[in-house]
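Engineer: Protein chains in written order, with numbering that gives the first Met the number 0: chain U, 0 to 316; chain H, 0 to 270; chain L, 0 to 331.
Derived from the structure by calculation, the hints contain no laboratory data.
C-beta atoms are modelled at their ideal positions from N, C-alpha and C, and glycine is treated no differently.
Accuracy of the hints is not assured; some may be wrong.
Partner residues are not named here, just some residues of chain U that face chain L (Cβ under 8 Å, in silico) [as the list claims (entries may be wrong)]: (1) Leu10; (2) Phe23; (3) Lys26; (4) His29; (5) Glu153; (6) Ile155.
Cβ pair distances, simulated, as ranges [as the list claims (entries may be wrong)]: (7) Pro214(U) - Leu250(H): 54 to 62 Å; (8) Asn8(L) - Leu10(U): 25 to 33 Å; (9) Gln216(H) - Gly67(U): 17 to 25 Å.
Calculated cross-link-like contacts (lysine to aspartate or glutamate; reagent style DMTMM-like; alpha-carbon spacing at most 25 Å) [what the hints assert, rightly or not]: (10) Lys147(U) - Glu39(H); (11) Lys152(U) - Glu227(H); (12) Lys147(U) - Glu38(H); (13) Lys124(U) - Glu211(U); (14) Lys26(U) - Glu227(H); (15) Lys147(U) - Glu227(H); (16) Lys40(H) - Glu167(H); (17) Lys40(H) - Glu211(U); (18) Lys17(L) - Glu68(L); (19) Lys152(U) - Glu226(H); (20) Lys151(L) - Asp22(U); (21) Lys13(H) - Glu211(U); (22) Lys177(L) - Asp202(L); (23) Lys152(U) - Glu38(H).
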Amino acid sequence: MSALVTPATILPNRPSLTGRLSDFLWKHPHVLLAILLGPPVLWLGIIYLGSLFALLLQSFFSIDDFSGLINYEFTFATYMQLLSDANFDIIVRTVTMAAVVTIFSALIAFPIAYYAARYAKGKWKAVFYLGIMLPLWSSYLVKIYAWKLILAKEGILTWAFTKLHLLWLLDGWLSLPIIGGNSLSVSYTGTFLVFVYVWMPFMILPIQAALERVPGNLIEASSDLGGTPQQTFRHVLFPLALPGIVAGSIFTFSLTLGDYIIPQIVGSSRLFIGQAVYAQQGTAGNIPLAAAFTVVPIVIMGLYLWMAKRMGAFDAL
Amino acid sequence: MRSDRSASAPLGLKIAAIGGLAFLHIPILLIFLYAFTTEEKSYQFPPPGLTLQWFAVTWNRPDVWAALTLSVKVATIATAIALVLGTLCAAAVSQTRFFGRETISLLVILPIALPGIITGIALRSAFSFADIPFSFWTIVLGHATFCIVVVYNNAVARFRRVSGSLIEASMDLGADGFQTFRHIILPNIGTALLAGGMLAFALSFDEVIVTTFTGGQQSTLPIWMLEELIRPRQRPVTNVVAMVVMLVTFLPILAAYYLTRDGDQIAGAGK
Amino acid sequence: MTAAVLFENVSRHFGAVKAVDAVDLEIAAGEFFAMLGPSGSGKTTCLRLMAGFEQPTGGHIEIFGETAEGVPPYRRSVNTVFQDYALFPHLSILDNVAYGLMVKGIGKEERRKAAEDALAMVKLPGYGQRRPGQLSGGQRQRVALARALVNKPKVLLLDEPLGALDLKLREQMQEELKTLQKSLGITFVFVTHDQGEALSMADRIAVFNDGKIQQLGTPEDIYKRPQTRFVADFVGSSNVLSSATCARLGVPAKAASLRPEAIAIGTSWAEQLSLPGTVTARSFLGATNRVSVDCSGEKIIVASPAAMPVPDIGAEVQLAFSRNDLHLMEEA
Ligand SMILES: Nc1ncnc2c1ncn2[C@@H]1O[C@H](COP(=O)(O)OP(=O)(O)OP(=O)(O)O)[C@@H](O)[C@H]1O
Ligand SMILES: [Mg+2]
Numbered sequence: 000m001s002a003l004v005t006p007a008t009i010l011p012n013r014p015s016l017t018g019r020l021s022d023f024l025w026k027h028p029h030v031l032l033a034i035l036l037g038p039p040v041l042w043l044g045i046i047y048l049g050s051l052f053a054l055l056l057q058s059f060f061s062i063d064d065f066s067g068l069i070n071y072e073f074t075f076a077t078y079m080q081l082l083s084d085a086n087f088d089i090i091v092r093t094v095t096m097a098a099v100v101t102i103f104s105a106l107i108a109f110p111i112a113y114y115a116a117r118y119a120k121g122k123w124k125a126v127f128y129l130g131i132m133l134p135l136w137s138s139y140l141v142k143i144y145a146w147k148l149i150l151a152k153e154g155i156l157t158w159a160f161t162k163l164h165l166l167w168l169l170d171g172w173l174s175l176p177i178i179g180g181n182s183l184s185v186s187y188t189g190t191f192l193v194f195v196y197v198w199m200p201f202m203i204l205p206i207q208a209a210l211e212r213v214p215g216n217l218i219e220a221s222s223d224l225g226g227t228p229q230q231t232f233r234h235v236l237f238p239l240a241l242p243g244i245v246a247g248s249i250f251t252f253s254l255t256l257g258d259y260i261i262p263q264i265v266g267s268s269r270l271f272i273g274q275a276v277y278a279q280q281g282t283a284g285n286i287p288l289a290a291a292f293t294v295v296p297i298v299i300m301g302l303y304l305w306m307a308k309r310m311g312a313f314d315a316l
Numbered sequence: 000m001r002s003d004r005s006a007s008a009p010l011g012l013k014i015a016a017i018g019g020l021a022f023l024h025i026p027i028l029l030i031f032l033y034a035f036t037t038e039e040k041s042y043q044f045p046p047p048g049l050t051l052q053w054f055a056v057t058w059n060r061p062d063v064w065a066a067l068t069l070s071v072k073v074a075t076i077a078t079a080i081a082l083v084l085g086t087l088c089a090a091a092v093s094q095t096r097f098f099g100r101e102t103i104s105l106l107v108i109l110p111i112a113l114p115g116i117i118t119g120i121a122l123r124s125a126f127s128f129a130d131i132p133f134s135f136w137t138i139v140l141g142h143a144t145f146c147i148v149v150v151y152n153n154a155v156a157r158f159r160r161v162s163g164s165l166i167e168a169s170m171d172l173g174a175d176g177f178q179t180f181r182h183i184i185l186p187n188i189g190t191a192l193l194a195g196g197m198l199a200f201a202l203s204f205d206e207v208i209v210t211t212f213t214g215g216q217q218s219t220l221p222i223w224m225l226e227e228l229i230r231p232r233q234r235p236v237t238n239v240v241a242m243v244v245m246l247v248t249f250l251p252i253l254a255a256y257y258l259t260r261d262g263d264q265i266a267g268a269g270k
Numbered sequence: 000m001t002a003a004v005l006f007e008n009v010s011r012h013f014g015a016v017k018a019v020d021a022v023d024l025e026i027a028a029g030e031f032f033a034m035l036g037p038s039g040s041g042k043t044t045c046l047r048l049m050a051g052f053e054q055p056t057g058g059h060i061e062i063f064g065e066t067a068e069g070v071p072p073y074r075r076s077v078n079t080v081f082q083d084y085a086l087f088p089h090l091s092i093l094d095n096v097a098y099g100l101m102v103k104g105i106g107k108e109e110r111r112k113a114a115e116d117a118l119a120m121v122k123l124p125g126y127g128q129r130r131p132g133q134l135s136g137g138q139r140q141r142v143a144l145a146r147a148l149v150n151k152p153k154v155l156l157l158d159e160p161l162g163a164l165d166l167k168l169r170e171q172m173q174e175e176l177k178t179l180q181k182s183l184g185i186t187f188v189f190v191t192h193d194q195g196e197a198l199s200m201a202d203r204i205a206v207f208n209d210g211k212i213q214q215l216g217t218p219e220d221i222y223k224r225p226q227t228r229f230v231a232d233f234v235g236s237s238n239v240l241s242s243a244t245c246a247r248l249g250v251p252a253k254a255a256s257l258r259p260e261a262i263a264i265g266t267s268w269a270e271q272l273s274l275p276g277t278v279t280a281r282s283f284l285g286a287t288n289r290v291s292v293d294c295s296g297e298k299i300i301v302a303s304p305a306a307m308p309v310p311d312i313g314a315e316v317q318l319a320f321s322r323n324d325l326h327l328m329e330e331a
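Pulled out of the complex, with its shape left as it was, chain U reads as follows:
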C-alpha cells in the first residue's frame, strides 16, 4: 500500500463561527426548532392571544351604571344583558343577514367556479383566475365606495332603470317593508348587495377547488345513463361541490358576522353585531358588553366550523 498521507475521512471541525454554530445546531435540533419557533410563537402568543384572552376576561366584568367605571368582579350580568330584546334583535338580524348573504354568494359563485374549473383552458384559465383574484384582493373600502356611487339616487342604477323604463319596479321594491327604504343606499337591500359583492369572491375559490377534483367522466357517465342536466346537477355535481360550498361559506358567513363598516356606510340605522361592539366600546364606553358581543361571532363560528368539519369541508380549503 502507498505510504502517502490520504485525506482524512472525517473532516475536522470548521473553525469559523458559522461552522461551529452549524455543528452545534446539527447536534441539538431542538435548539434550532426553538430558535425558529420562538419569535413567531412569542409574538402571536403574547401580543395576540394575550389580548384576546384579556378581552374575553372583560366580558365577565360589568359596568357600574352610575360612575361608568368597570366593576372588576366576576359576573354573568353582562351576558344576561346580551339577551335583552334590543341586543338579541341585533344578533338575529346579523345572523339572518350572514345566512342570506352566504346563500346568494353561493348561487352567484357556483357558475363562475364551475366554468373556471371545467371549461376554461390555457389562457382563459389565467384570465378567470386573475378575474377572481383581483376583485378579491382589491381595496375593501374602495369596493364599498364603488357601491356608494352605484346605489346613490342619482347613480348608475337609477339611470339604468330609467333608461329601461323600469323605474316603477325599483320604486315598488323600495316600498316593500323591511327590505325597502327611502333609497337603496339606506335599505337592507343595499347592505345585502354590498355584502354579497365584497365577500362573494371568497366563495369562488373553494368551490372551484372542489369541482376540479371531480373527474370529468363522472358527469359524462351520469348523462350517458340518461340523467337530465338537472338530475346530473342534483345527484352528482352538487354533492361533490358541497364541501367546497361549505368551505366558502365559512368565509362569507364569518366576514359578514363581524363587519361593521358596510352597514354603517350603506344601510339603515339599525345595528349589526360589529356596529354594536364598536358603539359599546367607543361612545358608550362599555367594554364588558362590547367584549360579550365579540363572543357571539366566536361561538357561532365555532359551532359552524365544527359542523363544517363533520361535513369534510376542510379538505377543500
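Since the structure of chain U is already known, use the hints to place chains H and L with the ligands on it.
Structural biologist: Just chains H and L with the ligands, lined up with the frame of chain U:
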C-alpha cells in the same frame, strides 16, 4: 381533463359565469370612470363631463400625502416583520416533524380568521391596559400580526418542495447548515417569499378595521377614505384617491401571481 | 488494513420499530458491497447511518478507522447517490456537479474544470448548461453520480440508483458502474432489492431482513449455499426441504436448500439421493422446462434441460440429486 368531452359550455352556464364576473368588475371600472368626472356635488351618472383637473387638486393635498406616506411606511415595516416571523414559522413547521404543527397553523391563521373587529378591540384594550400610547408602532404591531399568515401560507407550500432530500443532498456534499440555507433553501423559497411579501403589503395597505382601533390620531389612507365615506367633504378628491388605491393594490397582486404562477397558486383564501 | 465501514452491534430504533437491529458489518476498502433485502428491511436506514443522516441508538460506527457517531454528514468524506437523485432544480448541471467543491471553497476555474471532467467520465460531456428538468431519467442518474464522485469520496453510497430506469438502461448502467468502481478504487455500498443486480455486480452481499443481516458472503455463497430459509427463498428460487424429508433421505434432520437445476428426473445412480413424487405442473421456459413435483406433500421445482424428455402431469417420477447440492440450513 378528457379530450373527448364537448369543449363548449352550455349557453346558460356561460351567461351566468360571465354575468358573475361582470358583477365583480363593473363596480371597479366605475371607480376609474368617476375619477375623471366634472361633477363635484353628487354621484351623478353618466358624468356630465370628463376632466383631469382632480388629479392636480389631489396632488396638492397635503393630508392625502400624509396619509399615503403613513400607509406606505406602516405596510413596509409590517411586511418586513411578517416576512421574518412567517418564514421562521414555516421553516419550523415544514423542516421538523414535531407534534404541535396543527396548533401552530391555527395560531397563525387565527388573527385573520376571526373578524377584524375582534382583533382590533382586543389589541386596543390590551394597549390601554398596558398603558401603551397609540402611535405609529401600535398600528404596525396590529398589521404585522395578521400579515404573518399570508407569508406563512406562501412559504409553507414552497418549503415542502425543498424539504427532505434536497437539504440532505446539500449536507451530503459538504455544505453546513448556513451554506445549505444560502445556496439551496433561499433560492428555492425566494419567489414565494417575495409573493408573500407583496400580498402582505397589499393587505396592510388596505387594512381599515384593526387600524381604527390601534391608530389613535394618525390616519392611514384607508382611514382617510373611511372618513370621506362617512362624511363626504370633497368627492372628486376621494374619487381620485380611490382609483390610486385600486391601482396600488393591483400591482403587488399581479406581481405575486407572476412570481408563483408555475407551481403553487398564491394563497388567496388566506386573506 | 482498516475496514472502510465498520458496524459494531449497531441499532437504529424508531420507537417500537427496529429499523436496524444489532448489526455487525465490516466493509473492506475498495470493495463493491451490496445490501439486498425486501422492502422495509432496513437497507436505507443502514446507508443513512453511514452517511450521517441518522444516528445509531446503540452500537458503534467507524469509517476508515475513525469514529463516525455525532459527526454531521457535511464532515464525512462519504457521498450519496439518492434514489430520487435529488438534483438541485435551480442550478445548472455544471453547478450541480460543482456544488460540493463550491461549498469547500475551491476556486471557480478549478471547480468548473473538475465538474466538466466528472461529466465526461459519466458520458455527459457538454451537458453542463442544461437544467435538471431538461434531462432524461438515465441522464439525471449519471449527473447524480458525477456530483458525488467529483468530491473523491472515500465511500460512495448508492440507494437503489437504478430503480427508476428501464431494463435495458439498467443493464448498461450496471456494467458501467462496475467498471467505474474498479477503475476508481472507491468503496461502493449499493442498496437494491433486485437479487440479480446484487449477484452480478457485488464483491460481497449482505442479505437483510427485519433489520438484521441474515447472511453475508460472496454472491456464490449466497446463491449456492443459503444459510437460512429466508435467504433461500429471497435470493433464488431454491427448493427448501423440510427436516422430516431430510431425515428420510438419511442426512441430518435439518431443513435444507436444493437448487432446481441440480435435480434430475428419472435417472439415479448409486451415490445419489432420490425422492419419489408425482408431477403436478410443467411449463416450457426456453432453455429449460420447469416441472413441479409433489413429493409426499412437499412441492419441489425441477429445472430440467429442454433436451430431456418431460414427464406428463400425473406421472410418478424419481427425483435424483447429489448429496453435495443439498445445503443444510440453520432454521431461523
Ligand atoms: N424516520 C423514520 N421514522 C420511523 N420509522 C422509520 C423511519 N425510517 C425508517 N423507518 C422504518 O424502518 C424500517 C426500515 O426502513 P428502511 O427505509 O431502512 O427500509 P428499506 O430496506 O430501505 O426498504 P425499501 O426497500 O422499501 O426502501 C421500516 O419499517 C420503516 O418504516
Ligand atoms: Mg430504501
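Engineer: Does isoleucine 155(U) pass the interface check with chain L, least Cβ-Cβ distance below 8 Å?
Structural biologist: Violated - the Cβ of isoleucine 155(U) stays beyond 8 Å from chain L, reaching only about 50 Å at its closest.
Engineer: Straight-line Cα separation of lysine 40(H) and glutamate 167(H) no greater than 25 Å?
Structural biologist: violated (67 Å)
Engineer: Taken at face value, is the distance from the CA of glutamate 227(H) to the CA of lysine 147(U) at most 25 Å?
Structural biologist: The hint holds at about 12 Å.
Engineer: Holds or violated: lysine 147(U) with glutamate 38(H), Cα cutoff 25 Å?
Structural biologist: holds (15 Å)
Engineer: Can you verify the interface hint for leucine 10(U): is its Cβ closer than 8 Å to any Cβ in chain L?
Structural biologist: holds (4 Å)
Engineer: Hinted pair, alpha-carbon criterion (25 Å max): lysine 147(U), glutamate 39(H). Please report holds or violated.
Structural biologist: Cα-Cα ~15 Å, so holds.
Engineer: State, for the Cβ atoms of glutamine 216(H) and glycine 67(U), whether the hinted interval 17 to 25 Å holds or is violated.
Structural biologist: holds (23 Å)
Engineer: Holds or violated: histidine 29(U) as interface residue toward chain L, Cβ cutoff 8 Å?
Structural biologist: violated (14 Å)
Engineer: Quick one: are proline 214(U) and leucine 250(H) within 54 to 62 Å, going by C-beta?
Structural biologist: Given about 38 Å between the Cβ atoms, the range is violated.
Engineer: Is it true that the CA of lysine 40(H) sits at most 25 Å from the CA of glutamate 211(U)?
Structural biologist: violated (48 Å)
Engineer: Just to be careful, I want the Cα atoms of lysine 17(L) and glutamate 68(L) compared with a cutoff of 25 Å; is the pair within it?
Structural biologist: The hint holds at about 19 Å.
Engineer: Between lysine 152(U) and glutamate 38(H), is the straight-line Cα distance small enough, at 25 Å or below?
Structural biologist: Judged against 25 Å, a Cα distance of about 15 Å means the pair holds.
Hints 2, 4, 5, 6, 7, 14, 16, 17 from the list above are not met by this structure, while the remaining hints are.
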